[in-house]
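Colleague: As a plain string of letters, each chain reads:
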Amino acid sequence: MEEEVKNITPDERQEYVINMGPQHPSTHGVLRLVVSLKGEIVKNIEPHIGYIHRGIEKMCESITYPQIIHLTDRMDYLSAHINNEAVCLNVEKALEVDIPDRIKVIRTIMSELTRIQSHQLWWASFGMDLGGLTCFFYGLRDREKILDIFEETCGGRMLVSYNCPGGVMYDIHPNFQKRVKDFIKYFRKILPEYDQLLSGNVIFHERSKGIGKLSLEDAISYGVTGPTGRASGFSCDVRKHEPYSAYDRITFKEILHTEGDTYSRYIARIDEMWESMNIIEQLIDNIPEGPFAVKMKPIIKLPEGEYYQRVETARGELGVYIISDGNKNPYRVKFRSPNFVNLSVFNHIVKGFKIADLVAIGGSLDLVIPDIDR
Amino acid sequence: MDKIQLGEFIKSIDQDLEIEEGKQYVEVTVPPLKLYLLAKQLRDKKEAQFDFLFCLSGVDYGQDLGVVYHLRSTIYDHTIVLKTRTSDREHPQFDSVSDIWKTADFHEREAFDLLGIRFTNHPDLRRLFLDSSWGYPLRKDYVDDINIVTK
Chain A
1 MEEEVKNITP
11 DERQEYVINM
21 GPQHPSTHGV
31 LRLVVSLKGE
41 IVKNIEPHIG
51 YIHRGIEKMC
61 ESITYPQIIH
71 LTDRMDYLSA
81 HINNEAVCLN
91 VEKALEVDIP
101 DRIKVIRTIM
111 SELTRIQSHQ
121 LWWASFGMDL
131 GGLTCFFYGL
141 RDREKILDIF
151 EETCGGRMLV
161 SYNCPGGVMY
171 DIHPNFQKRV
181 KDFIKYFRKI
191 LPEYDQLLSG
201 NVIFHERSKG
211 IGKLSLEDAI
221 SYGVTGPTGR
231 ASGFSCDVRK
241 HEPYSAYDRI
251 TFKEILHTEG
261 DTYSRYIARI
271 DEMWESMNII
281 EQLIDNIPEG
291 PFAVKMKPII
301 KLPEGEYYQR
311 VETARGELGV
321 YIISDGNKNP
331 YRVKFRSPNF
341 VNLSVFNHIV
351 KGFKIADLVA
361 IGGSLDLVIP
371 DIDR
Chain B
1 MDKIQLGEFI
11 KSIDQDLEIE
21 EGKQYVEVTV
31 PPLKLYLLAK
41 QLRDKKEAQF
51 DFLFCLSGVD
61 YGQDLGVVYH
71 LRSTIYDHTI
81 VLKTRTSDRE
91 HPQFDSVSDI
101 WKTADFHERE
111 AFDLLGIRFT
121 NHPDLRRLFL
131 DSSWGYPLRK
141 DYVDDINIVT
151 K
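These protein sequence lines are chains A and B, in that order. Using the numbering used here, the first residue of the first sequence is number 1, and each one after it goes up by one. Using the numbering used here, the first residue of the second sequence is number 1, and each one after it goes up by one.
Since the hints were derived computationally from the structure, they do not count as laboratory data. Any given hint could turn out to be false.
To be verified - Below, a list of computed lysine to any residue pairs in the SDA-like style, where the Cα atoms sit at most 20 Å apart: (1) 140/B x 124/B; (2) 23/B x 78/B; (3) 351/A x 79/B; (4) 23/B x 95/A; (5) 43/A x 353/A; (6) 253/A x 74/B; (7) 240/A x 1/B; (8) 83/B x 323/A; (9) 240/A x 40/B; (10) 104/A x 282/A; (11) 140/B x 331/A; (12) 40/B x 217/A; (13) 46/B x 221/A; (14) 58/A x 64/B; (15) 58/A x 135/B; (16) 83/B x 305/A; (17) 93/A x 24/B; (18) 40/B x 51/B; (19) 40/B x 79/B; (20) 46/B x 35/B; (21) 93/A x 23/B.
Said to hold, decoys possible - Here are the in silico distance ranges between beta carbons for each label pair: (22) 292/A x 15/B: 50 to 60 Å; (23) 274/A x 4/B: 33 to 43 Å; (24) 140/A x 121/B: 39 to 49 Å; (25) 62/B x 64/A: 13 to 23 Å; (26) 14/A x 121/B: 26 to 36 Å; (27) 249/A x 22/B: 42 to 52 Å; (28) 62/B x 355/A: 47 to 57 Å.
Owing to the predicted nature of the structure, the values given are computational and were not obtained by experimental measurement. Even glycine gets a Cβ: it sits at the ideal position worked out from N, Cα and C.
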């Protein structure tokens with residue numbers, strides 16, 4: 001112990017170490033950051049995680065494939081539908097089931113609605129982190145409209161559990177198309193208001209431009225995906241590179257920015273909301289006729305082998321890696337969760353900035369803690 | 001490169017490696033001692049450029065413990081899977097690749113935490129989710145008397 005004290009350099013002696021979290025409003029969950037400060041400058045942060053580690057990967061080994069779907073809801077709860085889809089796609093790929101177009105289109109529309117509501121909540125809380133309390137009310141007001149659409153069709157509002165292997169649980173509600181179209185008409189009018197409120201604000205610019213820069217090389221090396229990676233110019237959109245569901249039949253842009261600072265991560269997400277609306281508009285009038293689910297065997301057993309499925313959630317690339325030994329439960333399941341990887345870059349980009357910027361950078365990474373802990 | 005070219009490319013680096021053309025990706029089985037060198041070559045060689053490690057998973061195969069690396073090139077859009085395993089369950093050790101791909105830092109800590117696989121030359125190998133009084137829950141021989149994890 002004595003030796004350790006001797007090894008501290010004079011520089012380190014002036015460092016002030018504080019705990020941020022596990023209960024801190026701006027970490028959006030039980031994330032604890034041990035922050036080393038010199039004055040107001042952040043020297044180093046060390047994330048401590050595991051407060052809500054449930055061992056989902058271990059649980060998966062003792063349950064069946066349809067049951068796993070409901071556990072993935074609880075990882076990234078804001079992209080619940082997309083997480084479900086990842087497992088379903090993997091199971092369907094392993095069994096080589098042909099999925100009718102209707103299911104693909106419904107899943108894609110639902111995924112994009114999920115993405116919009118996730119970004120809305122992010123925008124709401126990001127604005128609040130930086131002191132703009134009005135954002136929170138605006139964001140949640142609009143998000144409620146999507147949750148109502150989910151409730152009508154899926155039964156659930158947040159953790160929808162709408163997917164099942166071979167399709168979706170129920171057919172869409174008769175009102176679904178009309179309500180989605182109404183929502184898009186409404187949100188196209190409202191989204192410019194978001195810009196008026198926050199994107200053009202001078203104080204917001206001062207606090208976000210040039211803050212927390214992440215270069216393209218580091219983004220790739222750290223494996224940062226999603227809007228965070230794309231704001232650094234890393235072309236990592238799985239919807240483009242490995243299209244799944246109905247993404248190969250529509251035209252959409254991959255949002256890329258090159259600055260890599262907090263502001264461009266913000267703009268990337270706002271742009272993604274526009275792009276998601278474009279995707280939904282292309283599909284909503286052309287939902288093909290057909291069944292909403294393929295009949296599957298009551299007990300699903302995957303053939304022996306290894307299967308990997310990547311999808312694009314609202315926060316980045318989710319990978320589901322299943323090793324099967326031919327039984328009704330998987331031998332090993334690994335979730336490559338986007339937030340776990342995005343968290344690892346936090347220390348790298350926050351060094352040298354002020355402690356107030358730590359909140360801004362953390363907000364722009366858009367971390368969801370249950371997805372980190374799993 | 002497509003699957004066949006990738007297989008030939010790996011052969012040109014090292015003839016002895018076991019290459020399997022999987023359903024989805026090319027899978028290469030590497031002995032632990034050759035892993036680091038191959039990983040470095042895969043990233044640095046001009047025609048390969050696997051610069052994005054998108055998944056690193058520790059696996060308990062029953063007899064053996066292993067690590068699976070999923071690599072992708074952001075320039076050529078091709079993917080490869082590296083697999084390595086050891087039969088030493090007491091002190092499983094692999095070389096860390098965290099200086100090649102920085103993302104491996106967290107992934108390797110996770111594998112150490114849940115499976116007890118050690119990575120040499122890792123900058124900061126500590127437990128990530130659980131504290132040191134736990135065993136290694138993702139191992140197949142892990143017994144938990146209090147919580148229910150048995151089939």
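Colleague: Each hint needs a verdict: does it hold in this structure or not?
Modeller: We went through each hint and held it up to the structure:
no. : hint                      : in the structure
1   : 140/B x 124/B             : violated (26 Å)
2   : 23/B x 78/B               : holds (14 Å)
3   : 351/A x 79/B              : violated (33 Å)
4   : 23/B x 95/A               : holds (12 Å)
5   : 43/A x 353/A              : holds (8 Å)
6   : 253/A x 74/B              : holds (18 Å)
7   : 240/A x 1/B               : holds (19 Å)
8   : 83/B x 323/A              : holds (13 Å)
9   : 240/A x 40/B              : violated (28 Å)
10  : 104/A x 282/A             : holds (14 Å)
11  : 140/B x 331/A             : holds (10 Å)
12  : 40/B x 217/A              : holds (16 Å)
13  : 46/B x 221/A              : holds (17 Å)
14  : 58/A x 64/B               : holds (18 Å)
15  : 58/A x 135/B              : holds (13 Å)
16  : 83/B x 305/A              : holds (14 Å)
17  : 93/A x 24/B               : holds (10 Å)
18  : 40/B x 51/B               : holds (10 Å)
19  : 40/B x 79/B               : holds (15 Å)
20  : 46/B x 35/B               : holds (19 Å)
21  : 93/A x 23/B               : holds (10 Å)
22  : 292/A x 15/B: 50 to 60 Å  : holds (52 Å)
23  : 274/A x 4/B: 33 to 43 Å   : holds (41 Å)
24  : 140/A x 121/B: 39 to 49 Å : holds (47 Å)
25  : 62/B x 64/A: 13 to 23 Å   : holds (21 Å)
26  : 14/A x 121/B: 26 to 36 Å  : holds (31 Å)
27  : 249/A x 22/B: 42 to 52 Å  : violated (27 Å)
28  : 62/B x 355/A: 47 to 57 Å  : holds (49 Å)
Going through the hint list in order, the structure does not satisfy hints 1, 3, 9, 27.
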